[in-house]
Amino acid sequence: MAKYKIGDFVVHGREVGKITDIKKDFRGMGDCYRIQSLGDDTLYVTTPLSTEDTALRAVISSKDAKKLIEEMLGIDTLQVEQRNAEAVYNGLIRSGDHRDMVRLIKTSYANCEDKKSKGLQKNEKDKMFLRLGERMLFSELAIALGMSFEDAKAHVIEKLQN
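FYI, the numbering for the sequence shown is 1 to 162, going by the numbering used here.
Taking lysine to any residue pairs in the SDA-like style, the calculated list, with each CA pair at most 20 Å apart, reads:
1) K115 / V80
2) K122 / A87
3) K3 / D31
Each pair of labels, with its calculated beta carbon distance range:
4) G74 / S117: 20 to 26 Å
5) R27 / K125: 33 to 39 Å
6) G28 / E124: 38 to 44 Å
7) V88 / A58: 24 to 30 Å
8) D76 / K3: 33 to 39 Å
9) K24 / D76: 45 to 51 Å
10) Q82 / S62: 33 to 39 Å
Worth flagging that the hints you see were computed from the coordinates, not collected in a lab.
Just so we're clear, the structure is a prediction, and the values are computed from it rather than from any experiment.
Each residue gets a CB set at the ideal place from its N, CA and C atoms; glycine is no exception.
With these hints in hand, go ahead and build the complete structure from the sequences.
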């Protein structure tokens with residue numbers, strides 16, 4: 001019995017997607033979900049129902065999304081040495097925790113701004129992880145709040161500035 005149904009939004013790895021089909025006995029893997037990425041409408045992922053508890057999770061609820069946004073100002077950045085940044089950032093992403101994603105975004109952003117204020121070029125890793133973190137978090141918040149990606153990002157920024 002499938003935990004998710006066609007039309008449900010889920011998080012699979014680093015992608016937020018929509019379940020578009022449940023394939024019966026797909027290529028010897030058993031029954032599988034077909035998930036279309038929201039970030040790239042040409043990207044589909046097929047994952048067995050047997051891995052649904054480890055490979056997938058439901059998108060954050062609207063109530064929890066609103067609560068997370070209210071708590072964002074209180075979530076601290078991390079002190080990360082540049083040589084360890086990639087490992088730390090990847091750990092935050094793998095955790096699947098929304099507060100860790102906020103930490104990633106805030107830390108990457110702060111590092112970019114620090115370099116900019118010193119007249120230095122932004123670190124490519126910080127820029128890459130900032131974009132990745134924003135894509136992951138704001139895609140999920142957009143679904144939860146019934147907004148577009150850009151509207152969700154603007155909504156969060158507005159809330160943080162007030």
